[in-house]
Amino acid sequence: MNMNIDVNCIAVIGKQNNPLYIKNFSTTHPDLKYHYIAHTSIDVIEERVTQIKTPDVYLGLLYAMEDLAVYGYMTNTRVKFIIVVSVPDAVIKDADMKNLFRRVHTAYIMQVCNPFYNSDSHKPIESRQFSRVIDIIGKTAGGKVTGVGGPDSSA
Amino acid sequence: MDFGHVQINDPNAPAPNQRLSAASSAADSRYTRGKSTLERSLNKTKGAEVSLSAFAFMFSEMLQYAQKRVQGIQDLERKLNEFGYRVGIRMLELLVWRDKNSKRETRVLSVLYFVHTVVWKNLFGKPADSLEKSTENDDECEWLWCGAISKVTWKWGHMVRFDMISDNDPLVSRYISVPKELSQLNCNAFVAGIVEAVLDGCQFYNQQILTPFTPFPLSTPLPSPQPARVTAHTVPIDGFPFRTTILIKLDREILQREELLKP
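Taken in order, these protein sequences are the chains called A and B.
Every letter in the first sequence is one number past the one before it in our numbering, and letter 8, counting from 1, is 8.
When you read off a place in the second sequence, starting at 1, and then add 155, the result is the number in our numbering.
Each hint should be verified, as a subset may be incorrect.
Short, incomplete list of chain A residues facing chain B, as computed with Cβ under 7 Å [unchecked claim]:
| no. | residue |
| --- | --- |
| 1 | Thr50 |
| 2 | Gln51 |
| 3 | Val57 |
| 4 | Gly60 |
| 5 | Thr77 |
| 6 | Ile109 |
| 7 | Val112 |
| 8 | Phe116 |
Think of the hints as simulated: they come from the structure by calculation, not from any bench.
By construction, the Cβ of each residue, glycine as well, lies at the ideal position given by its N, Cα and C atoms.
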């Protein structure tokens, strides 16, 4: 499964469009590039959400720029997840992408369920556990390891 | 399984004796369980229930804690509401995540139905007993309080909407007898706080300030939006002396948005 996804960046954006977490997995682009991409995608998400009548959490491909494709996901509490992948030769299946987002969502839920984490504060997430899980998601999305990060991955 | 810290999410991993069998004593299962509550899979609901007596004990401690730090009943209810809010905001995230085909709820009715069934089922093991829409009026809201206590008239000069979720025998206050001098108090303010958090999390604010066209000088911080007002009231009916109604007041902005969203 999801053999062809090469994750370059995973970003989490809070409900008031405050940055919560951003992680760069690529070696080719600087961090700043992904900060910029995350920023831009907020606008695209906002547009997407008002247009689509069915309130699905997965927003699909937001846009592509140069060799990068940006995918979005918005939870019911308006927390946005953004995954930047490098454009592959084969088509990326929505199901694979959904699965990936689901795992990020799982990591976020684990973070939120921590009673000491204040989800209303606008501070970025600094949890070690969270970044470890995100790290694994980013590095294993190429499909080498299964059964990591969420209950769905092994289902 | 070389990633020990994420292994907890694997449903195929052999779960240590999670369900309490009747044969083994409670002490036994405590030691064989092996995983702390914090390490349990978030997706597992079976066997993760807390006993009512444990909850009742904890809740009574919470009440005592709160009571020492407040002045008056309203203050106490506000405090309980705050406690509930902290539970609710996490509940919401978790329940929506557990739901396989989760949706972002945007309509009032669907989110209230979500509270009435999903939230209630997860908290109390059964859906709430009723969900009613009270009144919606432009100018003056005349509201019969379930025909039971009194006739209340609001004159706010703008549109409001009341919804009520009722529970015939609320679990939270089953073992609480409120003393006479606190007769106004309803401990379900805690539940009201949970409902408030769910509505708040789903963007049912009373004051929509996050429109992109609101001009804000950069120096002023954003005012925080007010969550929908949710309160708990005791409304006894025949056979159910402890029947509690969670009253949800939704304000103009939400109703306006509701109009826009109408298909």
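Hints and how they fare:
1. Thr50: Constraint on Thr50 (chain A) not satisfied, violated at 10 Å.
2. Gln51: violated, 13 Å
3. Val57: holds, 6 Å
4. Gly60: violated, 14 Å
5. Thr77: holds, 5 Å
6. Ile109: For Ile109 (chain A), the interface hint holds, since the closest Cβ of chain B sits about 5 Å away, which is under 7 Å.
7. Val112: Nearest chain B Cβ about 5 Å off; hint holds.
8. Phe116: violated, 11 Å
Violated hints, listed in ascending order, are 1, 2, 4 and 8; each of the other numbered hints is respected by the structure.
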